[in-house]
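Residue numbering for the sequence shown follows the working numbering, starting at 9 and increasing by one per position.
Hints are supplied without guarantee of correctness; some may be wrong.
To be verified - Straight-line Cα separation of at most 16 Å, EDC-like style, residue types lysine to aspartate or glutamate; simulated pairs:
1) Lys364 / Asp437
2) Lys223 / Asp240
3) Lys223 / Glu238
4) Lys180 / Glu146
5) Lys414 / Asp437
Bear in mind the hints are in silico, worked out from the structure with no lab data behind them.
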Amino acid sequence: MQAASVLVVCGRVRVWCAPASRYLHLGVPRLSQQQQRPGSGAAPPQDPLHTLDHIRNIGIMAHIDAGKTTTTERMLFYGGVTRSLGEVHHGDTVMDHLDQERERGITITSATITLPWALHRINLVDTPGHVDFTMEVERSLRVLDGAVAILDASAGVEAQTLTVWRQADRYKVPRLIYLNKMDKPAASMSQCLDSIRAKLHAAPLPLHLPLGQGKGFRGMVDLVTLDSLEWDSSSSDRGRQYLQRALTPEDEVWDAAQLARCELIDTLADLDTPLAEYVLERECMEDVPAPLMKEAIRRATLNQDAVAVVVGSSYKNVGVQPLMNAVVDYLPSPQDCTQPAALSLYAPSLCALAFKIVHDRQRGGVLTYLRVYSGRLDKGQRVYNLSGGRSERLGQVLIAYADHYKEVASVAAGNIVVVTGLQATSTGDTLVASHSVASAVQKRLAEAGDEDVTPTLLGVQVPDPVFFCSVGKT
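Please build the complete structure, drawing on both the sequences and the hints.
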């Protein structure tokens, strides 16, 4: 068996940029050949912004100091959005753009950014890890399709990890777990897996076998493909290049990798019927093809029967690209998710949910973050606020890059966007195409007598104040 090897280069998108800017682009980039993973023969979508199966709306959540922002900065760098790596301790990160965030080295508000990867468009929300800002996580999770939970590999599941995990459970958000800081001396994958089972009550699917311990951590074995992925710590390319080659029986980790892969398949077979049937027919787990395993892992993730686990060290620039591949391979697209019952009634016309509102000093007005569930959202379009009972006209439609924005003419369902011009819209408001569309849906609901859905559409009605008193013996 011959070993096949390839040098994977996660280079930047080559377009013009201003010398003073860290950004390589502020729009929907053309995906370069370098961004396509080896063996990927799929043609890039003509318009990633409007192709549902090529969109991933995900959040990054974790306990404080687990490495959320550091990981996100690497994702932006390898995705071609930035041309330099921002560091939390330097105070120059893209995602922590507020002065208070850069001064304290923590995330205070959720930041949204869009990046390309492997023929897909990732709308990424970096959420705070501090318990004081947990409501920022709450309102982000309600509009996300998937999430990445980051754990410190030396600490396992921590207090705030439990909080954000329960929040994701409440909104039924499929997740995968990234064991960060594998280069720390106390890092232990096995202890982290035990912690996941005991504290999160989740079934972990370890997709990687770490190569090296502590400071010697240099990469991982992909148990799905049985490929070795190794980074050179002495290289000056900041982790953009890594060596990927197929394992052979001559490799020192061959037996351990085969055993770990069989254990992974055994766990998956208990959760996935097609994979179980394949294994039973052949009575062998060693020859299960990688595509079949990927399909089984994806089904288990979407059904929330299990959670995929990958490893890396973001600060050392090791393992971030495989994490991004896992996001594309295993987390859901908008069309994989079931829309809220109330919002689905408006399809195919416009229906969007306002989940965050900020005041932008540079633009001198209010910016409203929307998740578009159905229809299209156009620049200058008039929309009807279902919760407030009034119409408003949109200003600009923007794609967010943390504190930078790129104007677009329109967006389709499945995207997260920012709009200007909405003065009467509040967090949690539902926007639809027109008053007539809203009236038609409400009339249909009234005739059907659906009590479960109607309150969601009409908003929460505050009851009249009531004063209770009684006369008793003294």
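Do the hints match the structure? See the list:
no.: 1; hint: Lys364 / Asp437; verdict: 10 Å, holds
no.: 2; hint: Lys223 / Asp240; verdict: 13 Å, holds
no.: 3; hint: Lys223 / Glu238; verdict: 14 Å, holds
no.: 4; hint: Lys180 / Glu146; verdict: 12 Å, holds
no.: 5; hint: Lys414 / Asp437; verdict: 24 Å, violated
Of the hints listed earlier, the one the structure fails to meet is number 5.
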